[in-house]
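Residue numbers (this note's numbering), protein chains in the order written: chain A, 81 to 362; chain B, 8 to 550; chain C, 246 to 551.
Check the hints yourself; a few may be wrong.
Chain B regions said to be covered by chain C (calculated; three or more residues, Cβ under 8 Å) [stated by the list, open to error]:
1) 133 to 143
2) 414 to 424
Capping the alpha-carbon separation at 20 Å, the derived lysine to any residue pairs in SDA-like fashion look like this [unchecked claim]:
3) B:K48 to C:G413
4) B:K328 to A:L129
5) B:K262 to C:L404
6) B:K366 to B:A309
Just so you know, these hints were derived from the structure itself, not from any lab. For every residue, glycine included, the Cβ atom is placed at its ideal position computed from N, Cα and C.
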Amino acid sequence: MAYTWRRLSKDPLALVGMATIAAISIAALSAPWIAPFDPREQFFDGLTLEGAPLPPDEMFFLGTDLLGRDLFSRLLYGARTSLVIGVVANGAAVAVGTLLGIVAGYVQGWVGAAIMRFTDLMMAFPALLLAIALAAIFTPSLWIVAMVIALVNWVQIARVIYTETTALAAREYIEAARALGAAWPRILFLHILPHLIPTILVWATLGIATTVLLEATLSFLGIGVQPPTPSWGGIIFESQSYFLSAPWLVFFPGIAIMVMALAFNLVGDALRDALDPTQRGR
Amino acid sequence: MKSNALRGAASALALVFALSHGASALAQDGGYGGQMVVTYKDDISTFDPAIGYDWQNWSMIKSLFDGLMDYKPGTTELIPDLAESYTISEDGLVYTFKLRPGVKFHNGRDLTATDVKYSIERSVNPETQSPGQGFFWQIKGFDEMAAGNAQELTGITTPDDQTVVIELSQPDATFLQIVAINFAFAVPREEVEKYGPDFGRNPVGTGAYKMTEWSLGQRVVFERNEDYFREGAPHLDKIIFEVGQDPSVALLRLKRGEVDVLGDPIPSANFLQEKNDPANKDRIVEGELLHTGYITLNTTEAPFDNKLVRQAVNMAINKEKVVRIVNGRGVVANQPLPPAMPAYDTAFEGYPYDPAKAKELLAEAGYPDGFETELYAMNTDPNPRIAQSFQQDLAAVGIKAEIKALAQATVIDAGGQGTAPMLWSGGMAWIADYPDPSNFYGPILGCGGAVPGGWNWAKYCNEEIDALAAKADGMAGDDQAEARIQLWSEIYNKIMDDAPWVPVFNEVRFAMHSDHIGGKDIYFADPIHIPVHYEYVYATDAE
Amino acid sequence: MLRYLARRLAASALILIGVSVITFGLTFLIPADPVRMIAGRSASPQAVENIRHQLGLDKPIPVQYMNYVTKLVQGDLGRSYVQKAEVSRLIESRLPATLLLMAGAIFFEILIGLPAGILAATRRGRLLDRAVMIFSFAGVSTPQFVLGLLLLYVFANLLGWFPLSGFGTLSHLILPALTLGIAGGGWYSRMMRSSMIEVLHHDYIRTARAKGLSGPKVVLVHGLRNAILPVIAMVGLDIGIFMSGAVVVESVFGWPGIGQLAWLAIQRIDIPIIMGVTLVAAVAIVIGNLLADLTAPLIDPRIRLR
Numbered sequence: 081m082a083y084t085w086r087r088l089s090k091d092p093l094a095l096v097g098m099a100t101i102a103a104i105s106i107a108a109l110s111a112p113w114i115a116p117f118d119p120r121e122q123f124f125d126g127l128t129l130e131g132a133p134l135p136p137d138e139m140f141f142l143g144t145d146l147l148g149r150d151l152f153s154r155l156l157y158g159a160r161t162s163l164v165i166g167v168v169a170n171g172a173a174v175a176v177g178t179l180l181g182i183v184a185g186y187v188q189g190w191v192g193a194a195i196m197r198f199t200d201l202m203m204a205f206p207a208l209l210l211a212i213a214l215a216a217i218f219t220p221s222l223w224i225v226a227m228v229i230a231l232v233n234w235v236q237i238a239r240v241i242y243t244e245t246t247a248l249a250a251r252e253y254i255e256a257a258r259a260l261g262a263a264w265p266r267i268l269f270l271h272i273l274p275h276l277i278p279t280i281l282v283w284a285t286l287g288i289a290t291t292v293l294l295e296a297t298l299s300f301l302g303i304g305v306q307p308p309t310p311s312w313g314g315i316i317f318e319s320q321s322y323f324l325s326a327p328w329l330v331f332f333p334g335i336a337i338m339v340m341a342l343a344f345n346l347v348g349d350a351l352r353d354a355l356d357p358t359q360r361g362r
Numbered sequence: 008m009k010s011n012a013l014r015g016a017a018s019a020l021a022l023v024f025a026l027s028h029g030a031s032a033l034a035q036d037g038g039y040g041g042q043m044v045v046t047y048k049d050d051i052s053t054f055d056p057a058i059g060y061d062w063q064n065w066s067m068i069k070s071l072f073d074g075l076m077d078y079k080p081g082t083t084e085l086i087p088d089l090a091e092s093y094t095i096s097e098d099g100l101v102y103t104f105k106l107r108p109g110v111k112f113h114n115g116r117d118l119t120a121t122d123v124k125y126s127i128e129r130s131v132n133p134e135t136q137s138p139g140q141g142f143f144w145q146i147k148g149f150d151e152m153a154a155g156n157a158q159e160l161t162g163i164t165t166p167d168d169q170t171v172v173i174e175l176s177q178p179d180a181t182f183l184q185i186v187a188i189n190f191a192f193a194v195p196r197e198e199v200e201k202y203g204p205d206f207g208r209n210p211v212g213t214g215a216y217k218m219t220e221w222s223l224g225q226r227v228v229f230e231r232n233e234d235y236f237r238e239g240a241p242h243l244d245k246i247i248f249e250v251g252q253d254p255s256v257a258l259l260r261l262k263r264g265e266v267d268v269l270g271d272p273i274p275s276a277n278f279l280q281e282k283n284d285p286a287n288k289d290r291i292v293e294g295e296l297l298h299t300g301y302i303t304l305n306t307t308e309a310p311f312d313n314k315l316v317r318q319a320v321n322m323a324i325n326k327e328k329v330v331r332i333v334n335g336r337g338v339v340a341n342q343p344l345p346p347a348m349p350a351y352d353t354a355f356e357g358y359p360y361d362p363a364k365a366k367e368l369l370a371e372a373g374y375p376d377g378f379e380t381e382l383y384a385m386n387t388d389p390n391p392r393i394a395q396s397f398q399q400d401l402a403a404v405g406i407k408a409e410i411k412a413l414a415q416a417t418v419i420d421a422g423g424q425g426t427a428p429m430l431w432s433g434g435m436a437w438i439a440d441y442p443d444p445s446n447f448y449g450p451i452l453g454c455g456g457a458v459p460g461g462w463n464w465a466k467y468c469n470e471e472i473d474a475l476a477a478k479a480d481g482m483a484g485d486d487q488a489e490a491r492i493q494l495w496s497e498i499y500n501k502i503m504d505d506a507p508w509v510p511v512f513n514e515v516r517f518a519m520h521s522d523h524i525g526g527k528d529i530y531f532a533d534p535i536h537i538p539v540h541y542e543y544v545y546a547t548d549a550e
Numbered sequence: 246m247l248r249y250l251a252r253r254l255a256a257s258a259l260i261l262i263g264v265s266v267i268t269f270g271l272t273f274l275i276p277a278d279p280v281r282m283i284a285g286r287s288a289s290p291q292a293v294e295n296i297r298h299q300l301g302l303d304k305p306i307p308v309q310y311m312n313y314v315t316k317l318v319q320g321d322l323g324r325s326y327v328q329k330a331e332v333s334r335l336i337e338s339r340l341p342a343t344l345l346l347m348a349g350a351i352f353f354e355i356l357i358g359l360p361a362g363i364l365a366a367t368r369r370g371r372l373l374d375r376a377v378m379i380f381s382f383a384g385v386s387t388p389q390f391v392l393g394l395l396l397l398y399v400f401a402n403l404l405g406w407f408p409l410s411g412f413g414t415l416s417h418l419i420l421p422a423l424t425l426g427i428a429g430g431g432w433y434s435r436m437m438r439s440s441m442i443e444v445l446h447h448d449y450i451r452t453a454r455a456k457g458l459s460g461p462k463v464v465l466v467h468g469l470r471n472a473i474l475p476v477i478a479m480v481g482l483d484i485g486i487f488m489s490g491a492v493v494v495e496s497v498f499g500w501p502g503i504g505q506l507a508w509l510a511i512q513r514i515d516i517p518i519i520m521g522v523t524l525v526a527a528v529a530i531v532i533g534n535l536l537a538d539l540t541a542p543l544i545d546p547r548i549r550l551r
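The shape of chain A in the complex, shown without the other chains (with noise of 0.2 Å):
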C-alpha cells in the first residue's frame, strides 16, 4: 500500500487528478456555505425583461441559466449530484459485478456459466438503450437513475473480476485450502478477494468517470434526475435551446463534467499502473 503510495505521489498526472477530485469535493460539501445564491432561487432579476439568461456579470458570477437562477450555485450543487451518483452507482456497480464475477469464476458449473452467459447478453445491448428504457420504466430520481446506471454498468466489472478469479482459483494455495475442508465463503473472502482489491481499486476509480458522463447524458436527453435538482447535464439539457447565444451555459457545466471525469480518469489510470505487478520497475 505504502508502495502504491509512493508510486502515485509521483505521477504528476495522479497529483493533478487526486487534487481536482479533492477540490471539486471540498466545493460540493461547502456548497451550502460557498454558494452565493439558493440553486432553486429563480430571481425576478435574473432573466431580462423579455426573458432571456443573463450573462456573467458582477451580481451573478457565471450569469444566470434560463429560469433567472444563479448558474454558479447550480454549477455547486450539480458536483454534489455527480459526485453522489458516480459514488453510489459506480459502488452498487462494482458490488454486484464483484460479486457475480467471483461466483461465477470460483463456482464454475451451471451457475457461472449462467452467469457469464448472462453477462454476454448484457454486452449485445446498446448500453445507452437499455438506460433510456429502465428511465421510463422507473420515475427518474437521484436514487433510480444511480440504480440504472448500476444495472447497465456491472457488466464489464463482472467480466474482469471472473477473469482473474478463475485465475487466482487455479492457483496451488487455494487447492490447497481446499484441500484442507476450507468452506467455500471462507476462501471466497479470505483468500481470493483480498487478491482482487486491486483490480476493484481501479475500477471504482474509471468507473466513476463512466458514471459522471453517462448521468450527464441521460441528464442530457431529459430522462436524468428530476428538476429542480441541479445537475450539470440536466442544465445543459434545458439550456441548449440558447446555446447558439448564450454558449456560457452549455459550456460551463459541460467543462465541469469533463474536468470531472477526467480527474477521476487520470486517478485511476495512475492507480492501476502503480497496483500492477508487471509494470515495477519499467
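Keeping the supplied structure of chain A fixed, place chains B and C upon it in accordance with the hints.
Only chains B and C this time, still in chain A's reference frame:
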C-alpha cells in the same frame, strides 16, 4: 384572426351556401411558379388523412387531400370545398352535399360520391385504427360500424355520383366542421387497397399538391397538381420539406437563403434577437394558435377534490412569468378557450394572480400549511422549465409539488389513469381540431373523457354542465347560432368556477419566412392550416 | 476453428433471443399504454379496446412474444404502431446513415489514435508523450453531447467551415463523425502506445537497430506492422459504444439514423420500432465482438480460440 371573422364562422352555417364566396373570392395576389424549402425538426409520420394527427403533417395533408368543406384561407370561416353546395333539412338531421364536378384524384380518376362515403367509413372502420374515429359519432349507424358489426354507415347514402346524403342520429351544430376535418378527406379506394397500411407513404388525393418524393427521415417533395380544381391555387410549383432540422440551425440556414419557411416556431434563444431586428420586420409573422396550455387538477382526489384548493392554485400561479419564460410567445389565459375561438368571453376576468388570497383559500379549505403533491410534465424543453416555475409559485403558498418530468406517453398515461394530481399539458396541449367551442369540451372537460385512459386529466365530470353542452351542440339551426355561442361562454364560465384547470397561456405562433416567399401574413400562421397554408403562399420572384 | 465458429454462432443466437425477451419484457413495464397513443384523444373506450384486440395487445405477454418471434423468423419485424409503416423499411432507410456515421467515426479514431500512439511510444516519458496521454484522457472524459455542441459552435457557427446539421455531403459527416470518433481516438492512442512499446522491446527491432537501420525506419517498417494489428482488431468492439453514442450524436447533429428513430419510439412506446432497433443494434454488436475474437489469433498467434 379578428372577431368579425369569428362571427363569419357562425353565419357560415347557412342553409344553402352559394359558390360566389368560393374560388373567385379566394383569388390572391402573388405570382405562380417557383419553389420553397420548409424545415421541420421531427420526421413526418404519415400522410394518410385517417391517421395523421401531428403538428407537421396536419397542414400537409390538407394540401394533398380535400374534404367536403374547408375554411377560407387565414380564417375560421367555413366554405364548401369538394362540395359545390349543400342543404340541411329543417330538423337539422339530413345534410345533402352536391359535389363539385370534374374533381380528379392524382391518379387521374374522377371523384365520385362513393369516394366520400368510403373515406368517412374508412375513418370509422375500427380496422383503420384512426385517431379521428370519435368525431363521427353523430352519423347514423356509427355505433354499429365502430363496434365492428357493420361494414358501412347506414347514415351515408349516394343517390347519384355527385350527391352525398348524410343522415345524423341527432342534430349536431358542429357537423359541417366535422366534414372539414382531415379524417373526413376523400381518398381513392383502389389506391388505399393497393397500398394497404402503406397508403400513408403513397398518398393519392385530390389536393393542390401531389407527393412526388419521400426519403424517410430526410425530405419530402410536393409538386403542383395541374388538375387541381380550385382556380388560382396553388402558387408554387414545388415544396421541399426537410425534416430532422434543428430549428436554430434551420434559422441560420434561412438567413443564408437555403431555407424559406421555418415549420417549427423560431427557437427561443434566437427569438428576441430576430424579433428585435428591424430587417426582419416583414419576415416574422405573428398569429394566434387555437391553443391553450393548462394545468389539470385531479378533482377526484384530495386535496384537489376541494374547489377552494383548486381556486387557490389558480391564484397562486404566476402566468406572466411563464409567458416571460417562453419569451413572450404567448398571452396569459384565464379560461379554457383561446381568444381566437368563438365563445371566448372577453368580459371574463378569471382568477387574479394573488398568492395572499390563495393562502387564505387554502386555510379556509383546511390546508393552512399547504400540502405535498406531484406535478407531471413532459420531459422536453421548455416543459420542465415551466414546471419549475409553477413549483416555485406553489411553494410560495405552501404547496410542495414534486416534479415528474417524463416521456410523453408516460405522462399521458398518468393523466388518463388519474394518478397525476397535477399535470402540465405543455407538449401535449390542446390545439383545436376545428374552430368550435365544443371541441374544447367533450374529451378534455366532459364526463365522457373522465374515464380511465381518457384525456380529461382533471377527471372533471359535472353532469349539469354535460347536459348544457349537449343542449348547445343540439342547437343546429342557423337562427340559434348566436344563442349557442352564448351558451358555450356560460358553460366555460361555470367550469372556471369549479376550477378543474389552471389555464396558463395561449400560444402565439411566430413564424419566419425568407424574402423569397410572400403571401398574407396569416398564411404563415393560419388558424386551421396549421402551421402554414401551403396553397396560398407564393415565390416573390414568380410571375 | 469451424467447431469454434459453430459454437460461437449458436451462443450468439442465444444472446439475441435473450436480448429480444428482455427488450420485449421491458417495453411492457413502461407505465404507458401504446394503444392510447394510437387511438388519439377523442377515442371511446370501445375504440381503444378494438385497437388493442387488433394488435393482439390483449393477449398474455408470453403469447404476444411468441407471435412476435414467429413473425421475426420469417423476417417480419412488424409495423410501427404510430406510423403504420413496416419497421424493416424504417430501419432500412435509416441504417445507412448510422453506418456511415460509424465508418466516419472509425476513420477518425484510427486517424487520431494510431499516429498519436506511435508518437507517444517513440517519445516515451517525454513531454510529447505526456501531452498525448493527457489529450487521450480528455477525449475519453468529454461527454459526446458537449463535444458535439462545442464543435458545432466553433467550426460551424463561428468559423462556418462546416454545415450546422443535416445529411448528404461529406462536409455534413465530418463533425458528427469526429464527435463520435474522438473518444475512441483517445483509447486507440493509448492502446497503440503500449502495443508499440511492447513491439519496440522485441528482439527483431533490437537486431534491426544493431544492423544500423535508422530510427524512424525501424519504427515504421518493423514496429508498425506488428503493433498496429492488435489495435485494429479492437474496432469490432467499438460497435456497442457507437450504438449508444449514435443516440446522442444523431440528436445533436440532426443525423437521420436509427438512434433518433429509437429515441422517438421510446417516447411514444412504439414497441415494434423499439424491438427492431434494439435487435439490429444487438446483431451489430454480436457480429463486432465475433469479428474481434476471430481476428485476434490471426494477428497474435499466441491467442488460441477455444
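Okay, the hints, checked on the actual structure:
{"no.": "1", "hint": "133 to 143", "result": "holds (count 9)"}
{"no.": "2", "hint": "414 to 424", "result": "holds (count 8)"}
{"no.": "3", "hint": "B:K48 to C:G413", "result": "17 Å, holds"}
{"no.": "4", "hint": "B:K328 to A:L129", "result": "10 Å, holds"}
{"no.": "5", "hint": "B:K262 to C:L404", "result": "16 Å, holds"}
{"no.": "6", "hint": "B:K366 to B:A309", "result": "17 Å, holds"}
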